[in-house]
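Chemist: Single-letter residue listing:
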Amino acid sequence: MRLSWKIIALLPPILVAPLMVSSIPARAQQPAAPAADNEPLDVGQLFATTCGWCHSDGGRAAGKGPQLMDSQRDDDFMHNRIKNGKEGAMPAFGTTFSDAQIDDIVKYIRALKPHQG
Amino acid sequence: MKTKMSCLALPVAVAIAATLTASAAVAQTVDTARIDSAGQNDWLTYHGSYKSYHYSPLAQINPSNVANLGVAWIHIPGRSTRGLQSMPLVADGVLYYTGSYSRTFALNGATGEVIWSYFPELDEALVARQTHSPYNRGAAIGEGKVYVGTMDGRLIALDMKTGKVAWDTKLIDSQKLTVGFTGAPLYAKGTIVIGAQGGEWPGRGPIFGVDAATGKKKWEFLTVAGTDDAVKTWGNDSWRTGGGGGWMPGTYDSETNTVLWGTANPAPLYDWSGADYKTQGARPGDNLYTSSVIGLDMDTGKLKFYHQELPHDAWDFDSAVGEFVMLDRDGQKYVVHPNKSGYIFVYDRNLGVKNVWRITQNSNFVKDINPKTGELVGRRDFSAGKVSEPLCPHISGGVSWNSGSYNPKTGLYYKLGQEWCMTLEVQKTTPIVAPQAQLNIGADFKIAPPPGGEIYGHLDARDPITGAKKWEVRFPEPPLGSVLSTGGNLVFVPDSRGTVHAYDADTGTELWNHGDGTGHQGGIISYAVNGKQYIAVVAGFGGMASDDYAPTFGGVYKSMPRDDGALVVYSLK
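Chains as they are written, first to last, in the working numbering: chain A, 403 to 519; chain B, 127 to 699.
Hints in this document: simulated from the structure, not taken from any laboratory.
These numbers were taken from a predicted model, which means no experiment stands behind them.
C-beta: ideal position from N, C-alpha, C; glycine also.
One or more hints might be untrue.
Far from chain B, some chain A residues (derived; all Cβ distances over 10 Å) [what the hints assert, rightly or not]:
#1 472
#2 473
#3 478
#4 480
#5 491
#6 493
Pairs of lysine-lysine, DSSO-like flavour, derived with a Cα cap of 27 Å [to be verified]:
#7 B/358 <-> B/554
#8 A/488 <-> B/684
#9 A/485 <-> B/302
Can you make the complete structure from the sequences, with help from the hints?
Modeler: Below, the structure written as structure tokens:
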């Protein structure tokens, strides 16, 4: 559960409040174990769980969002768009990921290649 | 749970009252009996009435004069991020509707004059983090109030006459879960029922019953492992990965005092279990009560009966979409409910399966569904890696979350089908048991045409019980809005390109069309004020399904705004 623990550790305190305002079984509220700060972000898995909803084929094709592979946007633009989002189009991930992790996401995008075969 | 009374209304919230003009009808109480009887001139709940026909008995507009239909008035709600997706309501000549950010309006149904408006102050930082946001799909009315959910987890009641806040109840910790309410609530028997978003997130998909008078929560049903029996259907405590929810409104059966509601898919959407999904993969087991239709006691929220349309849904074809069409035939009482997959389930009133038929041409997630038992036959359960044959239908479904229409005069069910598929590479991911970076999909995917063909949509006129087709009209891109049929023997379809079509209900012959200037993906209704019939439709594109249209189809979609919208109301010239 490397990814989820890592991300939970980065959430501000308000985000680790009880799961529901109303009562639910206690086992649903088991806290996530924190991960080491230097643990790398598994960006491939992040695409398979979240980013790929809009950036089709793992970022290799346009979908609800633009194709990311071979993007002409510069790194600063990508970093800021991931961090701050775009109203009605791209969620803001600035409270979920650190700047260093967002840089990891940008590096992953830069390395995207077409599927073989 | 926190309840705020009207005197503590949010400081930035705007509630502007004006005097109802004389053209509107005399206001009467909207209660359960009135919604049950589905009055001639009104549209009192999301699905029209509890019967959920999306049908108006009004016949002033009919094939002989529909050519004279023109725009009566337009209302611009503003800030229509991801377009307009809601279903207007009408009571006693006043039209109520919602837009993005839960903006709520009361308008004179004859003129469009604003009677009041209410813009809730939302947690904008939270909304900016959300993927399935900030659209709102409608309100409920009853007991002198208008009820609307918000993206930051609240249910708000507004005075129908003034728009002032009567109560404001926090139901979900949206800061934690990152989800809220986009679907319309349901009013019945002094209770407001509303379901949360849930399918792609690690919550337990609650559906709430709230006291209409006070805003106090009466009950809560968890669609993920909500009973001891259901917990056993999530191997390895995988219920913690969650999903479920009930993000579209169901209905109320007054004869049995039952809430009928559809639930969303489990998370992750795509599993790597392979064929042995009962013991392997991300969430071993059937995953109750996801992708199910459930019957809850209105007074207690206790589960009375259910049918899981897709046990261990591994394709994101949830049951949260789809109206519950309640009709009688030959002494039998039926409930017809479309599943997102494009299979249409026919039940008795206790959700016992009576028949299953399919509206889509292109479907391969299962070979079939047994029409007698509802059992899935030849299901495709994927392993990690690239899926060789495209999955049909596409993740946007064989049917939209918008509604079809049953016309009791023709006995036909008018429903839109969607023909599209997707390529898929399933990823084995680590369990996500607490909210993090939004979603939990479990695959990389891309939209694709059906094998040997093109993507298209179709309006079908079918027998709702047998599925026998009388006629079909095709569209080059799947229409995403709701369908309206009327006592005037007309069927109205607002399409994705932005055109509203009127068809002869018996033959499917197109009799009229008109451009609204942008795509449709919301509701369409009919009502009357002072003896004059109106057709009201929301226009405005953008969101989960429609955002795929520009890269997939190009054409008019390339320049179509995804942050604009209008309510357009038609009448005879």
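Chemist: Which of the numbered hints above does this structure break?
Modeler: As far as the earlier hints go, 5, 6 are violated by this structure, in ascending order.
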